[in-house]
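Participant: Taking the hints into account, I'd like the entire structure generated from these sequences.
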Amino acid sequence: MTDLLARFARDRAALLAAGVLAGLALAAASAPLLWPLDPEAVGGPPLLRPLGDPAHPLGTDRLGRDVLARLLHGARLSLTVAFAAAFAASVLGSAVGLAAGLAGGRLDELLMRVTDAFQTVPGFLLALAFVSVLGPEARSVVLAIAASAWTGPARLVRAEIASLAGRDFVLAAVVAGLPRREVALRVLLPNALPPVVAYAATSVASAVLIEAALSFLGLADPNRASWGAMIAEGRAVLVSEPWLSILPGLALLLTVLAVNLVGEGLNEALAPRRARP
Amino acid sequence: MSPPGRSFVRGPAWLLVRRRLVQAPLVLLFVLVGGFLLLEAAPGDAVDAYVASLGGDAGLVHELRERWGLDRSPATRFILYLAGLATGDLGRSVAFDRPVLAVIAERLPVTLALAGGATTFAFALGTGLGILAGARPRGPLDRLLSAAALVLNATPSFWLGLLLALLFAVHLRWLPLAGIETIGAGYTGAARLFDVARHLVLPVSTLGLVYAALYLRLMRAGMVEAWRSDFVRAARAKGISRRRLVLRHVARNALLPVVTMLGLQSATLVGGSVVVESVFAVPGLGRLAAEAVTQRDFPLLLGILIVSALLVLLVNLLVDLLYARIDPRVELGARAP
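So the sequences go chain by chain: A and B. Counting in this note's numbering, the first sequence runs from 546 upward without gaps. Counting in this note's numbering, the second sequence runs from 2 upward without gaps.
Derived from the structure by calculation, the hints contain no laboratory data. You may find that some hints are simply not true.
[To be verified] Beyond 12 angstroms from chain B on every Cβ pair, some chain A residues (computed):
| # | residue |
| --- | --- |
| 1 | Gly568 |
| 2 | Leu592 |
| 3 | Ala640 |
| 4 | Ala692 |
| 5 | Ala758 |
[As the list claims (entries may be wrong)] Covered by chain A, according to a simulated footprint, are these stretches of chain B (three or more residues, beta-carbon under 8 angstroms):
| # | region |
| --- | --- |
| 6 | 23 to 30 |
| 7 | 306 to 313 |
Virtual Cβ for every residue (Gly too), placed ideally from N, Cα, C.
Facilitator: Right, here's the structure in full:
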């Protein structure tokens, strides 16, 4: 573990990105303390420009709501939904991959065709269908994103299990008389997980973008500030007040960039483990 | 070198294609069952949506349920749906009050043009710049291009679209802001084609740029890998020109993962067109999907899911065929283990 952290820390870009992400998460978590303005309340004159009024450092939107407060609360929603979706997808995908890899034969074939089916339907369309069925709450958005994101970890874990199955330490565990369940959960699964961890970063990044796109299309909860919805609202005054759309877009860009860099750093740091013979 | 046709029939690529053909119907059946079950779980049916938007009393509700067959059990309806599918009948759209297939057929060409254009643009730009970056890894040009790709890769496509529209349509006035053609201009023939093409420039660039960043990164990564390999060292030792070395040996081998990704991305491309079509008011399949969701038009939504799944299966098959053409190992007629 310390080894892993040391390798990760050697990648300066990844380290910086991790710092940015941590700062963002901290700001999002402490938004009510950090900047106590209500993101939904009409608190000032409409369309104040950024850096004009110290009471609203990033200005106000068309309804006079504070942009900084909305950005911070948007970060809460974006990060919570993205991490929850990536976590759900990783757990579900790992379970399916483990089952398919261990069972082999018909069950493996069946599970892989189901995985194919999920990968054949465009993920964003699937998310649209899920949201239209389950409703616009954050919980449904998490499920909608996870519904297409689990296929990646499923394939990864299945492939890892297949490559681990013949290794000496696995055979040793079997010969030592460990029950099948123990071999699966204590020996195979932990060794199959590192690529899933690196992949989870990719899932978080795409989940941030899918959540933003859903709320941009007006399909997410209209009563909660989200970056996608802020961009959509800013569209009406895009020509005269472009910052209303530009600021939340920059927040999205920064978040996804940071997540991607952390993911790359993790991938690099975990790679030697995977290359081990 | 053997003619590609021969090895193609016997080689592993053909086995892969055959496997895909065998699996495709099963995958499609799962998509059908899954889509049907998911939309079945929705609160309210097509009749509720119809009455909610157009009004009607209990009598009409009863009559419509009977006419649309919604009074039968889900299992019966699924079998009827499958039977209809066999004859090309995807049911009736509630919002449009027309056959689903007719509505989709009207919108599909626009999305195919958009997605095809975006893929071509992304592939050309991505591999081209990727070769420039990968020709001298860690050189100044590589650093610049890689950083740009990293940022572009993290950019939400709908936001990029808005910025491009603001710059090129609003401020510079070079391109139309939205739609697929100038309404009321009455263009015909080549003039109309040109008008449509002008309208597609911004959506195609928006969708394409994000993928170009992906292909650039893949191409570059593949080339960095190839530089370290023995065959490049051998080619270098033979003293061939640098240009030839980069293009023939290093870039060619880096192209394979890009082609694989081309197939894998076909599904996300259809998803991406939903957002981009909404930004530029392009009347394609993607915007139709967003409309179907807001209007709770489930027959239409299911039809779109099925048609796009079919498209993705088809593209993946084409990519496998393309792969067989360019993979040097396949040309040798090597068999899969």
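Participant: Hint by hint, note whether the structure agrees.
Facilitator: Structure-based check of all given hints:
1. Gly568: Holds, since 17 angstroms exceeds 12 angstroms.
2. Leu592: holds, 17 angstroms
3. Ala640: Its Cβ never comes within 12 angstroms of chain B, the nearest being 18 angstroms, so this holds.
4. Ala692: About 9 angstroms separates A/Ala692 from the closest Cβ of chain B, which leaves it inside 12 angstroms; violated.
5. Ala758: Since the minimum Cβ distance to chain B is about 5 angstroms, A/Ala758 lies within 12 angstroms and the statement is violated.
6. 23 to 30: holds (count 4)
7. 306 to 313: Holds: 4 residues of the region 306 to 313 of chain B have a Cβ under 8 angstroms from chain A.
When the structure is compared with the earlier hints, violations turn up for hints 4, 5 and for no others.
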